[in-house]
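Chains as they are written, first to last, in my numbering: chain A, 10 to 310; chain B, 10 to 310; chain C, 10 to 310; chain D, 10 to 310; chain E, 10 to 310; chain F, 10 to 310.
Simulated from the structure, these hints should not be mistaken for lab results.
Fair warning: there could be bad hints in the mix.
Which copy is meant is left open, so a pair is good if it fits within one copy or across any two.
Below, a list of computed lysine to aspartate or glutamate pairs in the EDC-like style, where the Cα atoms sit at most 20 Å apart [stated by the list, open to error]:
#1 199 - 269
#2 98 - 142
#3 143 - 87
#4 309 - 119
#5 76 - 142
#6 174 - 233
#7 143 - 133
#8 129 - 87
#9 129 - 85
#10 271 - 132
#11 42 - 233
#12 98 - 62
#13 199 - 142
In this text the structure is predicted, and so the values were computed from the model without any measurement.
There are 6 protein chains.
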Amino acid sequence: MNLTKNVRPLINKTNVNLIRQLSSSADSDYSFKTLRVSVPSEFVYHVEFNRPERRNAMNPSFFSEIKNCFEKLRYDPDCRTVLISGKGKGFTAGLDLTELSQMVSIDQEDVGRKGFQLLKIIEDYQTSLSSIEKCHKPVISLVHGHCIGGGIDLIAACDIRYCSKDAWFSVKEVDVGLAADIGTLQRFPKITGNDSLVRELIYTARNFTPEEALKLGLVSLITDDQDSLLAKGLETAKLIASKSPIAVQGSKINLNFSRDNKIEDSLKFVAAWNSGMLQSEDLIKSAMASISKEQPIFSKL
Amino acid sequence: MNLTKNVRPLINKTNVNLIRQLSSSADSDYSFKTLRVSVPSEFVYHVEFNRPERRNAMNPSFFSEIKNCFEKLRYDPDCRTVLISGKGKGFTAGLDLTELSQMVSIDQEDVGRKGFQLLKIIEDYQTSLSSIEKCHKPVISLVHGHCIGGGIDLIAACDIRYCSKDAWFSVKEVDVGLAADIGTLQRFPKITGNDSLVRELIYTARNFTPEEALKLGLVSLITDDQDSLLAKGLETAKLIASKSPIAVQGSKINLNFSRDNKIEDSLKFVAAWNSGMLQSEDLIKSAMASISKEQPIFSKL
Amino acid sequence: MNLTKNVRPLINKTNVNLIRQLSSSADSDYSFKTLRVSVPSEFVYHVEFNRPERRNAMNPSFFSEIKNCFEKLRYDPDCRTVLISGKGKGFTAGLDLTELSQMVSIDQEDVGRKGFQLLKIIEDYQTSLSSIEKCHKPVISLVHGHCIGGGIDLIAACDIRYCSKDAWFSVKEVDVGLAADIGTLQRFPKITGNDSLVRELIYTARNFTPEEALKLGLVSLITDDQDSLLAKGLETAKLIASKSPIAVQGSKINLNFSRDNKIEDSLKFVAAWNSGMLQSEDLIKSAMASISKEQPIFSKL
Amino acid sequence: MNLTKNVRPLINKTNVNLIRQLSSSADSDYSFKTLRVSVPSEFVYHVEFNRPERRNAMNPSFFSEIKNCFEKLRYDPDCRTVLISGKGKGFTAGLDLTELSQMVSIDQEDVGRKGFQLLKIIEDYQTSLSSIEKCHKPVISLVHGHCIGGGIDLIAACDIRYCSKDAWFSVKEVDVGLAADIGTLQRFPKITGNDSLVRELIYTARNFTPEEALKLGLVSLITDDQDSLLAKGLETAKLIASKSPIAVQGSKINLNFSRDNKIEDSLKFVAAWNSGMLQSEDLIKSAMASISKEQPIFSKL
Amino acid sequence: MNLTKNVRPLINKTNVNLIRQLSSSADSDYSFKTLRVSVPSEFVYHVEFNRPERRNAMNPSFFSEIKNCFEKLRYDPDCRTVLISGKGKGFTAGLDLTELSQMVSIDQEDVGRKGFQLLKIIEDYQTSLSSIEKCHKPVISLVHGHCIGGGIDLIAACDIRYCSKDAWFSVKEVDVGLAADIGTLQRFPKITGNDSLVRELIYTARNFTPEEALKLGLVSLITDDQDSLLAKGLETAKLIASKSPIAVQGSKINLNFSRDNKIEDSLKFVAAWNSGMLQSEDLIKSAMASISKEQPIFSKL
Amino acid sequence: MNLTKNVRPLINKTNVNLIRQLSSSADSDYSFKTLRVSVPSEFVYHVEFNRPERRNAMNPSFFSEIKNCFEKLRYDPDCRTVLISGKGKGFTAGLDLTELSQMVSIDQEDVGRKGFQLLKIIEDYQTSLSSIEKCHKPVISLVHGHCIGGGIDLIAACDIRYCSKDAWFSVKEVDVGLAADIGTLQRFPKITGNDSLVRELIYTARNFTPEEALKLGLVSLITDDQDSLLAKGLETAKLIASKSPIAVQGSKINLNFSRDNKIEDSLKFVAAWNSGMLQSEDLIKSAMASISKEQPIFSKL
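Could you build the full structure based on these sequences and the hints that come with them?
This is the structure:
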């Protein structure tokens with residue numbers, strides 16, 4: 010069986026070009042140096058890593074802008090789902106090495122005080138990537154080419170992961186002499202289904218392929234190339250954007266709560282949640298649409 | 010590799026007919042309107058959803074009867090394992106739409122008071138499906154045809170999931186305008202191995218196939234048709250029913266505790282559990298049977 | 010796709026013989042009756058179950074020696090990773106039956122007092138297997154032939170699991186009349202991705218194949234035979250041993266913490282951890298090595 | 010300082026007689042053998058243990074009726090708060106000894122099977138007392154005379170505990186040869202502030218006084234005699250019954266969730282809860298009442 | 010016994026005036042509308058609620074400024090401890106009523122969408138008060154006069170609570186028709202020792218006295234008047250400020266982690282923490298100071 | 010009210026001398042350098058800190074011997090409860106300063122490697138003190154004179170704490186430049202009832218009195234002098250030793266589990282526990298003794 014066979018055959022150049030053309034429409038709130046934000050379809054936002062000349066390496070500005078971007082998207086009524094991809098030859102090369110050397114060279118003799126400064130940096134980076142998880146809208150990461158180190162930390166904080174055949178992955182941190190501290194060790198084993206392989210990849214820092222990533226459960230779809238990757242990502246995004254935002258965002262919030270809590274507590278949480286949300290008009294709109302076979306129009310959220 | 014190849018070739022019409030013939034033998038305690046309960050083999054109970062004319066949609070009576078049925082089965086010494094399946098063309102169509110409209114039309118103006126009424130309904134439905142999980146006996150769900158919405162919530166509370174090739178699944182709640190609140194968001198990601206696909210299925214509410222379900226880890230076996238599904242289910246059930254009930258039920262109770270707790274605490278729990286249970290006669294019976302190569306006969310539990 | 014295709018073609022007799030030749034080099038601290046400990050490569054330790062005449066069944070000495078061995082390895086600066094395998098025809102036959110009969114025949118009439126004695130035995134065995142998990146160094150288990158009962162408990166406490174084609178597995182405890190109490194019920198579902206299959210295997214105690222184990226996520230690699238299994242195990246072990254021990258051991262400690270805790274707490278833990286560990290020289294050594302393209306030499310840890 | 014000085018001087022015979030007089034008014038749904046249920050004031054229910062001839066010892070009927078009673082009260086719109094007290098010379102003598110001897114004499118040879126039967130009994134009793142905690146309405150226990158063994162388990166599941174000077178307490182289970190299994194070991198240390206004293210009382214099973222109970226934080230008020238105890242209890246109950254039921258019941262539900270969860274998760278829970286409940290009319294009614302200085306009238310809940 | 014007797018007799022007008030005089034020295038980063046920030050002593054910051062004409066009621070600006078202020082203080086090397094008090098006749102009157110009416114009157118018909126807007130407001134307020142808890146420096150709240158509703162939520166997020174004899178408290182939320190959602194229900198029971206009294210205070214919304222607050226464990230000191238309150242607060246703050254900031258801030262971070270986690274996990278966390286922090290120069294400085302009997306001078310942190 | 014008034018007037022010189030006389034009777038397994046172990050009464054063990062010339066400061070031998078001692082006591086059938094006290098002028102001066110300087114001067118340049126060495130030391134000390142908690146028998150600490158730093162960590166791991174009037178306490182770690190890492194920050198707030206005072210004591214490292222300790226809930230009894238302290242401790246110990254060891258030890262195990270777990274999970278744990286333990290003969294013996302009014306004789310455990 011092949012998961013990719015579900016990709017409906019509407020991926021074509023026109024569609025892909027459309028994505029690229031529309032990419033200038035995001036408003037000025039989403040103007041960043043390391044990111045390019047566009048709106049390829051109604052309610053669908055596209056965040057592109059925009060330092061191809063540096064292989065989209067993650068520097069301090071990047072972390073700061075990711076946080077700003079996703080905190081805005083969290084409550085932006087024009088956004089119902091987000092695509093993430095990298096411009097240029099790959100997704101991201103992970104932590105910018107220059108950045109790392111800054112950490113090492115903090116001008117501070119005392120181990121304790123240097124420790125507090127490192128704590129601050131680590132927390133800032135953690136907060137940055139966690140803003141993707143805390144964004145109420147489903148986030149789909151589309152990986153082509155290299156996805157290294159911090160890139161794994163980042164996609165592990167997304168909801169859905171697709172990649173193209175040319176993608177390759179590496180949990181690189183061990184090769185840089187450190188334990189991954191911005192999400193991989195925390196999230197990677199919980200979103201996949203083979204702890205043995207996860208640990209091998211982390212301890213050896215070796216490259217791994219899309220096929221391994223699929224087998225492992227890290228990605229759920231492999232496409233032939235980057236064009237079809239973007240097209241398939243957009244297709245899923247548009248489908249999600251057509252659904253009740255009350256239902257979709259409530260699902261994400263509850264999935265996140267459930268992951269970290271016991272089933273009994275998660276059931277209590279969703280009961281509290283739905284005691285209000287089931288009173289939304291979206292239920293009636295959905296019911297009526299299902300009878301009339303028309304596409305429901307949901308109010309902004 | 011194909012998981013289905015382990016199905017031994019004893020699935021035949023005779024066997025399947027046998028199941029159906031025996032289905033009248035459950036006693037009057039298990040007399041329900043929406044369920045049909047039978048005993049196809051010693052210690053094996055079979056619970057069938059019995060509203061084929063409504064595609065086995067889940068209405069208030071259904072939830073109430075599921076609870077009554079599984080609370081009885083929990084301590085019924087004649088039952089060691091339970092099969093669940095749907096009569097007619099499929100497993101279940103999920104929540105009865107009529108039912109949903111009742112929720113929406115609660116005669117209560119105040120949002121807060123309506124919230125409490127919804128809370129009660131949600132809790133009742135949650136309690137109903139959780140009674141399957143809390144039943145000490147392993148429960149095997151056998152899915153053919155449609156398994157939609159509440160059906161996913163239900164099978165996620167079972168121990169083992171098989172399906173036939175004609176099965177199709179859909180986490181439908183988003184299409185109805187709500188976040189799933191009776192188990193899917195809480196249990197589905199914890200019993201499977203690809204969070205990316207789980208979330209895609211939940212956010213898009215799209216149909217998915219037995220092959221995807223197997224890949225994902227939602228089911229562990231696909232059979233050719235409904236007959237072989239029932240036959241294979243019965244085979245596994247009989248095998249389980251032949252084992253020490255002390256061992257099997259203790260395993261389920263501990264698996265459930267472990268899922269929601271830290272390994273250290275789960276080890277403490279099973280130590281407490283076995284400080285008494287290792288004193289059961291079933292250990293000696295099992296040991297002697299293993300020497301004599303005879304099938305052990307275990308007392309009722 | 011086949012995970013085995015990643016095994017690079019350097020498995021040959023020379024290599025395998027090398028492993029066996031070097032196996033006499035572990036120092037006298039690691040002298041045991043039921044285990045044989047050797048050092049096949051710098052920083053790589055190999056622990057072999059050494060009761061082939063008893064199919065490596067686990068008796069009280071075995072549990073005691075496993076604990077001693079792994080508590081020593083935990084802080085042994087000459088060890089960076091550990092291989093586990095069984096001598097003779099298979100990995101292990103699980104609990105020694107003689108042992109079990111001892112439990113049953115404790116000379117104590119009172120159920121409560123006997124319960125406390127059983128508690129002590131269970132805790133001792135749990136502590137034994139948990140010492141593998143608590144050892145800071147990645148532990149790779151290499152399964153050939155039979156891996157039964159307590160063997161599953163043991164490999165579930167390891168980091169990485171490989172097996173050869175001739176391996177077969179069985180969660181045997183139910184057949185012995187008890188709920189598994191030294192790790193399987195607690196760890197097995199958390200390291201794999203198909204709860205339905207896990208529970209079927211536990212409730213039925215049936216044998217399962219390497220292919221099922223791979224599908225399930227229990228192992229991450231199948232090799233053709235025992236020689237290639239050892240060779241592949243050694244290859245991975247040497248790769249891990251060549252990395253910064255600060256990074257590798259920090260990763261294991263954090264992976265273990267993360268498995269049992271919420272993501273938010275695990276992020277706090279790794280931040281605390283790295284506030285000190287990022288000040289290690291291993292970061293600079295790794296960075297410089299990456300520039301010079303030379304293999305870094307890390308100090309002992 | 011004396012906590013009792015807050016008791017306003019409106020405790021008089023008339024008031025107390027009023028309570029007793031009105032006690033016949035609860036409807037037939039609340040007709041029990043071991044309990045007497047009355048409605049001493051609008052929205053205030055009074056549950057009295059009604060086996061004074063047996064010192065209100067807790068027998069199987071008692072546990073079953075407590076469960077039925079509080080599951081009804083949970084959603085009864087005529088009830089906003091509940092008082093619990095004992096008829097006759099004291100609160101309760103704890104588990105009925107006859108009952109205990111039944112447990113010991115279960116007609117079952119096998120330790121494992123007897124274990125499952127005991128499990129069922131323990132769970133039933135736990136469920137019974139937990140129904141008080143799960144009742145949405147604040148429950149105030151009023152202890153006079155003896156409060157022994159199971160009585161401590163029971164009051165620990167209540168919200169508020171008052172006692173009269175003649176009260177005396179004993180965590181009696183150790184004297185009966187067992188570890189308390191229906192709430193005391195689980196709840197007592199969490200609702201008080203001196204773990205050292207709690208453990209002394211549990212390990213020694215000695216009697217303790219109202220003063221120790223107050224010091225410890227087990228009770229929050231001591232009255233001079235049983236009459237003033239009932240009067241003070243009623244006064245607090247009436248005050249609670251005059252408040253918004255949305256606010257009061259929401260507070261109890263959130264206090265219970267918070268006790269068992271991390272602050273971060275509890276904050277998430279109350280945010281979900283109030284996203285609906287803040288839309289209740291009770292906020293406006295309360296605000297208007299606070300301006301007009303009139304007592305607000307809240308709709309039933 | 011009286012806790013207040015430990016107040017050393019150095020509270021005099023001079024000292025108190027000194028506090029007030031120095032209050033203009035905080036730099037421009039700490040310039041707010043609803044808060045006044047001063048530095049009464051080296052390393053000691055004083056945050057005063059500065060809307061006495063509105064009884065220091067908490068409005069949206071207040072919540073926003075509290076967050077900004079404490080996020081700055083978190084890493085400000087000139088700050089080692091923080092005092093909080095209210096200007097004018099009392100501490101704070103809690104939520105500004107105008108504010109509440111805004112919540113109620115959100116211009117949004119749909120219950121679900123209004124729910125999301127309320128969610129955002131609640132989260133913002135929660136984040137504001139939690140910033141006090143997350144500030145690494147101990148925060149001492151000094152309550153005089155009224156401390157109502159949101160005021161209880163706020164002081165519950167502080168480390169230390171003192172009050173003067175004229176203080177009075179009220180968990181007011183139930184009187185406003187809602188369950189407290191910014192900290193009280195979550196933190197109050199965990200920092201005190203009499204759950205019965207806590208719940209009575211929450212369900213009745215009645216006023217309570219400093220003596221009750223002390224008995225309950227909410228405050229740890231009562232002073233005669235506001236002057237001695239400020240003096241005593243400053244004395245404790247100066248004492249804390251004279252200690253190693255590595256030690257003090259590490260203690261707060263670990264106390265917070267421990268409160269929400271199991272002892273076993275908290276021990277692991279502090280071990281990770283101190284593996285770096287014990288290498289700080291502050292240990293040697295402290296040791297040397299203890300020998301030389303001189304006051305150690307610690308570097309900024 | 011005064012908790013001390015419950016001390017029955019049987020404390021006299023004879024009784025106290027008896028304790029001292031009998032103190033030579035512990036067998037050779039309990040022969041230590043820093044501890045003196047005696048058996049003042051049947052089933053009661055007395056562990057005395059035995060380095061009065063060093064004010065009972067805690068050095069590496071002490072930690073190692075505490076661990077050995079309490080791991081033996083855990084399953085020693087002759088021991089049912091343990092008293093801890095200090096020889097000489099006080100309880101303990103806490104960590105031996107020499108010891109601390111060793112930590113600081115570890116001969117290791119690399120921060121990371123030094124971190125791992127510190128980790129090992131911290132874990133060893135934590136394991137040492139946790140062995141008191143993990144000992145199944147109630148441990149009563151009797152504090153006279155100074156109880157400083159590590160002494161607080163140690164008594165926080167005990168079950169019951171008494172002190173004499175001359176006792177004084179100090180959470181000294183902040184004065185030594187570090188966050189307490191062997192139990193105080195983890196256990197102290199959970200066994201007491203005034204978080205504000207706990208934090209003040211930790212941040213300021215100031216001395217505190219028996220009265221404050223009692224108010225706070227750290228101790229539960231103050232005696233006039235050391236003789237009455239030992240006498241009262243022995244009296245409680247003898248009372249505990251006279252009870253069913255099944256009941257007492259089961260209570261401690263369950264109290265410890267409950268402290269770290271949710272009530273729902275703790276109820277499940279105790280149900281599992283008692284499914285075996287209620288079948289002990291101790292229940293019948295207790296019941297019969299209660300009828301015959303004779304002191305029951307329980308078998309060893």
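Legend entry - Earlier hints that do not hold, by number: 2, 11
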